[in-house]
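The lines below spell out each chain.
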Amino acid sequence: MSNYLKDRENQILTKGTDSAEISCEKKSLAGSVSQRACVFCGSRVVLYPIADALHVIHGPVGCASYTWDIRGSLSSGPQLHRLSFTTDLKERDVVFGGEKKLYHALIDLIDKHQPKAAFVFSTCIIGVIGDDVEAVCRQVTKEKGIDVIPVMSEGFNGTKKDGYKIACGALSKLVGTNNDYEAPKYSINILGDFNLAGELWILAEYYKKLGVEIISCMTGDGRVEQIRRAHKASLNVVQCSGSIMHLAKEMKEKYDIPFMKVSYFGIEDMSEALYEVAKFFKDDEMLAKARELVTNEISKLLPALQPYRQKLEGKKAAIYVGGAFKAISLVKALRLLGMKTVVVGSQTGNAEDYKLLKDLCDEGTIIVDDSNPNELSEFVKLTGANLFIGGVKERPIAHKLGLGFCDHNHERKEALAGYVGMMNFAKEVYASVTSPVWKFVK
Amino acid sequence: MFELNSVPKAKENYKATQNACKLCSPLGASVAFKGFKGCVPLIHGSQGCATYIRRYLISHYKEPIDIASSNFTEDATIFGGDENFKLAVLNIINQYKPEIIGIASTCLSETIGDDVSLFVHSFLEKHPEIDTDFVMASTPSYQGTHIDGFHEAVSGVVKSYAKKGPSQEHVNLFPGFVSTEDLRLLKEIMADFSLEDIMMPDYSESLDNPVWDTYHRIPEGGTSKEDVVKSGSAKASIEFGTILNRGKLSGRVKSKQLSRTGAQFLKNEMDVPLVNMPMPIGITQTDAFFEELKTLSGNDIPEKYTKQRGRLVDAYVDAHKYTFGKKAVVYGEEDFVVAMAAFLDEIGIELALVATGGESGILEEEIKKYCPENKDKVVVREGYDFESIREWSLENKPDILIGHSKGYYIARELNIPIVRVGFPVHDRVGGQRIKHLGYSGTQELFDKVVNALIEHKQSNSPVGYKYM
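One line per chain: the protein sequences are U and Y, in this order. Residues 1 to 442 (this note's numbering) are what the first sequence spells out, left to right. Residues 443 to 910 (this note's numbering) are what the second sequence spells out, left to right.
No lab work stands behind these hints: they were computed from the structure. The beta-carbon is built from N, C-alpha and C at its ideal position, and this holds for glycine as well. Some hints here could point you the wrong way.
Chain Y is nowhere near these chain U residues, computed Cβ spacing over 10 Å in every case [claimed, not checked]:
#, residue
1, T14
2, T67
3, S76
Capping the alpha-carbon separation at 20 Å, the derived lysine to aspartate or glutamate pairs in EDC-like fashion look like this [unchecked claim]:
#, chain 1, residue 1, chain 2, residue 2
4, U, K381, Y, D655
5, U, K142, U, E225
6, U, K381, U, D362
7, U, K27, Y, E525
8, U, K316, Y, D655
9, U, K173, U, D162
10, U, K26, Y, E837
11, U, K112, Y, E837
12, Y, K457, U, D132
13, U, K112, Y, E829
14, U, K112, Y, E815
15, U, K112, Y, E855
A few chain U residues facing chain Y, derived, Cβ under 10 Å [to be verified]:
#, residue
16, S28
17, E154
18, K400
Could you put together the complete structure from these sequences and hints?
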């Protein structure tokens with residue numbers, strides 16, 4: 001690899017050609033047009049789906065405007081999370097401090113919306129002007145009787161991943177605050193599902209069939225009260241491990257709740273998740289139910305996928321997503337459709353994720369950490385990919401160069417998790433890759 | 443340390459902004475920088491600023507939009523962003539080989555007091571081999587809105603390149619923040635008048651590309667710096683917008699002096715005559731624009747446009763009953779809502795509420811000036827957010843919403859139509875291609891407004907009418 005920024009060369013490797021380990025978990029290189037956002041973004045996306053909490057962004061207007069109703073995280077009840085609240089600081093506030101504005105804004109918003117808790121996000125400038133956000137939060141907590149939790153997520157203070165950690169810290173302030181709850185025998189928390197396009201509801205249905213109760217989901221379709229009693233669960237089932245592993249580890253230490261990493265994308269990983277949970281509870285009946293469910297679903301799904309597989313066999317895909325764990329599932333799901341992954345990368349993967357990816361992928365696959373439009377466009381050209389899987393920022397790169405595209409990010413409207421999700425995924429990939437419009441692009 | 447007893451009674455401006463009807467300044471600067479040839483925008487701040495703004499713009503333009511970031515670290519924040527800045531610049535030059543790097547500052551870099559021009563100076567001293575130009579825009583997000591960033595960037599470019607010279611035949615056009623289709627239309631109009639134009643900015647190509655064979659690190663198009671040099675010897679400048687960057691003063695304490703727009707700079711420093719007018723939406727304002735072009739070119743209005751105008755008048759007449767007295771809420775950027783309101787005013791729409799997130803202090807005055815039919819009863823609100831628009835609408839029951847796509851949720855709640863105009867349009871294709879200006883743009887808007895009202899009536903009627 002020689003066409004890329006020198007300081008980024010060790011974040012790109014080709015399986016079979018480069019023997020070194022990939023370098024990752026680094027700050028983005030200045031001037032590289034990273035697809036990542038910032039610390040604030042990391043915290044904001046994790047906490048965003050908690051639907052009965054107030055999410056207030058303390059800073060000038062931009063950070064709130066760009067994150068208003070940004071994720072497709074659905075709620076079965078309150079919709080408070082879909083509103084955007086900001087102290088909208090002006091120059092005079094920057095000079096004289098924004099604490100009073102924040103205080104009054106919080107009092108006013110809590111009176112108006114009656115949230116169950118409030119999260120107050122600090123943006124870049126707060127870290128510089130020295131507002132005592134924690135003190136304001138304490139004061140409002142005292143006055144209003146709800147938890148007002150500071151989320152010190154100044155954008156410059158690390159990477160998006162550090163923002164995840166800060167969000168986990170905020171969640172852990174709620175976890176364990178309600179002890180008046182008796183958990184059912186088989187109960188879990190789902191960590192790291194954000195109920196995009198209602199995916200949590202699909203999973204909940206599966207777990208229900210197994211006889212497993214979900215005490216809380218962090219944070220999809222999230223509710224403050226459920227998070228408070230999350231420590232009563234027997235097991236934490238962790239998806240999107242990059243964003244929420246810190247919390248799983250903390251709950252292990254603090255409450256002795258074990259955790260397991262799963263993925264709900266693709267047949268293999270979805271089935272594996274259900275079996276693992278059933279095995280954890282060491283209940284034969286549950287395991288039998290899991291087998292029945294899986295057999296049932298697969299016997300319907302495999303024949304239904306067949307026509308799509310016939311059309312997609314041999315096509316090549318590029319994957320660039322936020323978390324590397326999801327990328328791993330996608331490689332497998334694509335294989336089920338007869339497709340080969342030729343480029344795979346993520347914004348926030350760690351060494352372990354990339355090792356798994358390297359083991360899983362075929363020779364010649366390009367693996368990349370924290371990439372940018374220039375690299376991604378070169379990779380897809382170099383490998384002759386037919387499909388790109390990514391988010392909003394990757395879509396125009398794919399389309400401009402004449403590749404199909406599948407949105408696997410926050411804004412997706414089609415559920416991609418579970419068995420039904422695999423079907424949706426096949427349909428979406430098929431619709432994009434085999435569309436007649438590409439003949440005009442060549 | 444925060445102490446409660448130091449807190450005065452809540453004031454109006456201590457309320458939170460709920461669903462803001464504005465964006466931050468570096469976004470506008472990034473769009474404007476994209477309108478100059480070979481320019482790569484660099485946002486001097488945290489990585490998120492650039493990424494969020496890219497995402498927001500991409501969702502509207504459906505184009506790859508590369509905006510670099512100096513990617514502040516904690517160290518940079520404490521010790522200054524000099525090193526990060528220099529590294530960013532080098533990496534941009536290596537990757538993009540830009541003619542210009544357009545630097546937009548942020549709340550963070552401005553607050554810690556980074557002196558970007560000093561950084562550039564010392565960078566160039568160290569790297570004399572580099573021939574990339576640097577243009578700066580001061581765009582802290584605590585000052586004004588994205589519109590102020592837009593004007594700041596345009597004026598930054600003009601100040602960097604324009605050269606005074608004997609007046610020539612070409613005309614400068616400062617279109618403001620309009621769509622790529624609007625820009626193409628303006629170029630066509632200028633050409634039809636046989637006027638050579640220098641459009642600042644011109645992102646008609648760079649933000650609306652055809653498909654590509656290979657990735658274009660810097661998309662084609664944009665006004666060249668050679669042209670901007672010539673802007674100092676233009677016959678005149680036409681600048682759309684009468685409010686421009688006046689919102690930038692809101693909440694200011696340090697300096698109450700307003701920076702000049704590109705056109706104002708050319709007038710004051712290089713004696714280029716300035717014609718300032720609202721964006722030409724509607725017949726009245728388009729007439730004014732065409733009169734100006736007639737004067738500047740010495741040519742009659744081409745028949746193509748008199749016919750367009752005639753058809754538009756004909757359409758106004760055919761459909762006047764459908765629009766008359768309908769209560770509209772119009773929202774968006776200040777100069778845009780002035781032009782849109784002026785158009786709606788002339789088709790008999792009742793301007794129930796005209797709202798903006800901007801805070802120029804003169805919106806009401808401007809609306810009343812250009813909306814004679816509505817001037818006595820129109821409600822004009824500055825510094826408004828969508829929650830306020832929503833509450834107002836729930837109480838006052840308008841018939842239609844006219845503005846960008848972020849107001850959709852209000853239209854949905856009220857079960858009234860929304861006509862999507864301006865920026866952003868995130869929930870439809872073709873937002874970047876909406877034509878607003880001139881007789882032909884007005885024609886399209888008019889048809890949309892009328893049809894939205896008809897469709898609403900049709901859909902909500904127990905009778906399935908098959909005619910109007």
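Here is what the structure says about each hint:
no., hint, result
1, T14, "holds (19 Å)"
2, T67, "violated (7 Å)"
3, S76, "holds (19 Å)"
4, K381/U / D655/Y, "holds (9 Å)"
5, K142/U / E225/U, "holds (19 Å)"
6, K381/U / D362/U, "holds (18 Å)"
7, K27/U / E525/Y, "holds (14 Å)"
8, K316/U / D655/Y, "holds (18 Å)"
9, K173/U / D162/U, "holds (17 Å)"
10, K26/U / E837/Y, "violated (52 Å)"
11, K112/U / E837/Y, "holds (17 Å)"
12, K457/Y / D132/U, "holds (19 Å)"
13, K112/U / E829/Y, "holds (12 Å)"
14, K112/U / E815/Y, "violated (37 Å)"
15, K112/U / E855/Y, "holds (19 Å)"
16, S28, "holds (5 Å)"
17, E154, "holds (8 Å)"
18, K400, "holds (5 Å)"
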